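Sequences are here, hints too, so could you generate the full structure?
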Amino acid sequence: MNLIFEKSTPGRRGFRVPPSDVPSRAEIPQALRRTRDAELPEVSELEVVRHFTQLSQRNFSIDTHMYPLGSCTMKYNPRFLEDVAALEGFSRLHPLLPQLRGGGILTQGALQVLYEVAQWLCEITGMAQFSMQPLAGAHGELTGAMLIAAYHRFHGNRKTTVIIPDSAHGTNPASAAIAGYQVVAAPSNERGVLDPAHVKDLVNDQTAALMLTCPNTLGLFNRDIRTLADMVHAVGGLMYYDGANLNAIAGWARPGDLGFDVVQLNLHKTFATPHGGGGPGAGPVGVAEPLVPFLPTSVVVKRADGTYALEYDRKDSIGYVAPFYGNFGVILKAYAYMLALGREGLKRMAETAVLNANYLLARLRPHYKVPFDRRCMHEFVLSAAPQAKKGVKALDIAKGLIDRGIHPPTMYFPGIVPEALMIEPTETESKETLDAFVDAMIEIARLADEDPDALHRAPTTTPVGRLDEVAAARRLDVCFPLPDDAAQA
Amino acid sequence: MDFIPHTDAQRREMLEAIGAASAEDLFADIPPAMRAGELNLPAGHSEIWVRNHLEHLAAKNATHLTPFVGGGFYDHYVPSAVTAILRRGELYTAYTPYQAEASQGTLQAIYEYQTAICRLTGMEVANASLYDGGTALYEAAMMATRLTGRNKIVLDSGVNPIYRNMLHGYTRNLNVAFREVPTACGPTPRDQVEPFLDEETAAIVLQNPNFFGFIDDLADVVDMAHRVGALAVMSCYPISLGLVKTPGEMGVDIATGEGQSLGLPLSFGGPYLGFMATRKKFIRQMPGRLAGVTHDKEGRRGFVLTLQTREQHIRRQGATSNICTNEALCALAALVYLSLVGKEGLKEVAQLCADKAAYAAQRLDRIDGVSVHRAAPFFNEFVCDLPVYAGEIVSGLIEKGYAGGFPLAQYYPGMEKRLLVAVTEKRTREEIGAFAEALEGLL
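As given, the protein sequences belong to chains R and E, one line each in that order.
Our numbering applies: residue 12 is where the first sequence begins, and numbers increase by one.
Our numbering applies: residue 416 is where the second sequence begins, and numbers increase by one.
Simulated from the structure, these hints should not be mistaken for lab results.
Given the structure is predicted, the values throughout are model-derived calculations rather than measurements.
For each residue, glycine too, the CB sits at the ideal point set by N, CA and C.
Be a bit skeptical, because a hint or two may be false.
[To be verified] Some chain R residues close to chain E (C-beta under 10 Å, calculated; not the full set):
(1) Arg237
(2) Lys313
(3) Asn369
(4) Arg374
[What the hints assert, rightly or not] In silico lysine-lysine, PhoX-like type, Cα no more than 25 Å apart, as pairs:
(5) Lys815(E) <-> Lys832(E)
(6) Lys841(E) <-> Lys758(E)
(7) Lys380(R) <-> Lys442(R)
(8) Lys712(E) <-> Lys401(R)
(9) Lys401(R) <-> Lys380(R)
(10) Lys475(E) <-> Lys313(R)
(11) Lys326(R) <-> Lys313(R)
(12) Lys758(E) <-> Lys475(E)
(13) Lys696(E) <-> Lys567(E)
(14) Lys18(R) <-> Lys762(E)
(15) Lys18(R) <-> Lys758(E)
(16) Lys695(E) <-> Lys567(E)
[Claimed, not checked] Computed list of chain R residues with no C-beta within reach of chain E, every gap over 12 Å:
(17) Asn215
(18) Asp268
(19) Glu322
(20) Ala368
(21) Arg457
Next comes the structure, spelled out in structure tokens:
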């Protein structure tokens, strides 16, 4: 399919800019002007709409396909959330309005949303206060690591390390490193979780925090979590909860009760806001009481008279991690989703997510290797190592699923499982869809025995077949050349 | 209201297949002592109830005010086609395109977006997006420290004060030193900048137009940085690039910016879009995703995520950044916007913004006691001196139906009587005239 730039016809217009209605003309000297126009596409509005509609048809998405991408919680995104975020009373709101007068008297509705979402999240996680500012999960992790550093600095400590399990998302060690910490990798035991016996050797007075996903990326809940928390607290360290997998336990267990001090949540996972092809998300961070003074500037407070205000004067705050109040449009959608679910819906959400995952695990167990064979939470990891011995790798299975109308699970992660396929069905998939997924997986397992080449050829139903990633990196083309540059080349 | 499809009979069937007695049984791994009690949350509601509730809250926000506030975030027109494309479920309910063959729509759009940003900024390569203009600037500063092996950053005072605050906060635990150029309510003061640049400087961080709205040709400042082996980083306002000299033309090494003006609503601060573009030779130190061209066995062109070894899911603590989820849908909005307005339209939108700001400045200048700063040309935002406190005038203007500008004293102590006024293509001659009269009436 041609690029929008390749569809360009000089002189064609997609949008009519109105003529000026003012008598003035801006005097911008030639020296300050760009000398060459930005060579943007020259296309009609229909060409634009058709181009992007056709692009959309070259995508798998939740709306069109089952999307059991592990650790990403690809649940249904209810349509009314979009309408709510588009209400003009929210979408037209300038973020600097609260600074024009009275700390927010012009934005009471928006501040109430921010305040109430934070209250909900505190109740769900057992934290004392939340900041809605972080703009994505990894951004929340970085904010959490900065909060941990601020806490230790305040107490006169210069702790240097963060312990992170070998099964953790790559963002965990990256966030800790960017915040200035050395990362200590902790091994998972034969049950797939951190073992207090191993962790004991890693914890010392340099331990700033233990950073965990719970349940972890194998979909396993660690029964020793409180023992681990006690060990870390005993040396003055803090417990960090990566909420990527909160969908498993929301309403059933609270990180605060498990011994965690800092929690980041991904609203685009647990709280049904759309993933947008890779964002925007929202990664609010909650903390236990001792860390409240360090939360980012500003925080929303409720005054005695029932009005809401932004508090900027916080001397120990880590400052701004984002310019304003977070990805407000995303937060709004999460708020509407929470209101719809309520207390019972939230619990049923987690319960059904766990039911669906265990159902898939039970049905797939006879056909695939299960490296940690125990009851799972909201997701589980299979190993295609036996299939790989016959020449069918996890990658081939993934591509085979595409031909069967299913988005593949997360592949090759976590790295501690060879040929890993990480499967998270979420609570919004029906039994019929789950059964269709199982049927496809069983058929693929059978093909691995009988006709591996059929899988090596996959996918054959997509606009392009398997793409040469090595060539993409070797002959780097990440920007379509300008016509005259292309002529020169 | 939940979104769970199972019937009771299906639940029983599934539990049976699992070999569990009850749903409760599935949570056996969480010891009873670790279970949550009944959460103190309200019961669920219908879609109708939630919608009414949110309409009620939306009505409590003062969106009836005619906006003359900018400060880096502007009330530009969003064409309907942008919104319509973003509402396609195939695009907004997909995720990061790790499975290339099942994500060609998203991947091609990212490649086109990267191309559009390069053409807009005059740079060679752009990434697939960062969170916002502030985090993009922070990432650029960190990238400069890696590229130069130096740790000192010189910050121009014309850089958005919130962004500067963010840079300080993010680097608090790192070995990075900042030098801030003294505040000048005008273009970058060359004589003040030069003494700060030395052999330890990783980068100078600039903004054009700067926070006060002034536009500048900063090529000479970029040269100063290059002479000491430092890089030049510049935060830009993308609409202005329809007219003004690009970072590429000024020799800038890393260009960043806030993309909100390209088809995104103000939405009380987000979601927005951070863009970043740089030289091809720096690409391996650039954070964030990249889509690149490749082919399948049949020779068909396709797109994949490339140079992923820079990223956290491969490199873990050695990654160039921790970013994972970015602002893909916002980047798509920017691409659709730029495709719609096109080469000529972008120039016209920029010219219209500048013309209307020129008109507003003229009208305000005519008011007794008000004077517009004209130390350098401005784009669509300008500073005016008032005879009284700007904060009070803004309060009065709110009563009259205007978000009448940003009082600079909020960020710059000592500028109590200075007001920053922004004008976009959406403001009409009538609105501008009435605004000037309203302001005059308050003096």
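Here is what the structure says about each hint:
1. Arg237: holds (7 Å)
2. Lys313: violated (14 Å)
3. Asn369: Status holds, d = 5 Å.
4. Arg374: holds (6 Å)
5. Lys815(E) <-> Lys832(E): holds (20 Å)
6. Lys841(E) <-> Lys758(E): It holds: about 20 Å lies between the C-alpha atoms, which stays within 25 Å.
7. Lys380(R) <-> Lys442(R): Distance ~23 Å between Lys380(R) and Lys442(R) Cα, so the pair holds.
8. Lys712(E) <-> Lys401(R): holds (23 Å)
9. Lys401(R) <-> Lys380(R): Status holds; Cα separation ~14 Å.
10. Lys475(E) <-> Lys313(R): The given pair, whose Cα atoms are some 16 Å apart, holds under the 25 Å limit.
11. Lys326(R) <-> Lys313(R): Within the cut-off at roughly 20 Å; holds.
12. Lys758(E) <-> Lys475(E): violated (40 Å)
13. Lys696(E) <-> Lys567(E): Within the cut-off at roughly 22 Å; holds.
14. Lys18(R) <-> Lys762(E): Holds, because 20 Å separates the two Cα atoms, which is no more than 25 Å.
15. Lys18(R) <-> Lys758(E): holds (13 Å)
16. Lys695(E) <-> Lys567(E): With Cα atoms ~24 Å apart, Lys695(E) and Lys567(E) stay inside 25 Å; holds.
17. Asn215: Non-interface label on Asn215(R) holds, nearest chain E Cβ at 19 Å vs cutoff 12 Å.
18. Asp268: Asp268(R) is in fact no farther than 12 Å from some Cβ atom of chain E, at 6 Å.
19. Glu322: holds (15 Å)
20. Ala368: violated (9 Å)
21. Arg457: Correct as stated: the minimum Cβ-Cβ distance to chain E is 20 Å, above 12 Å.
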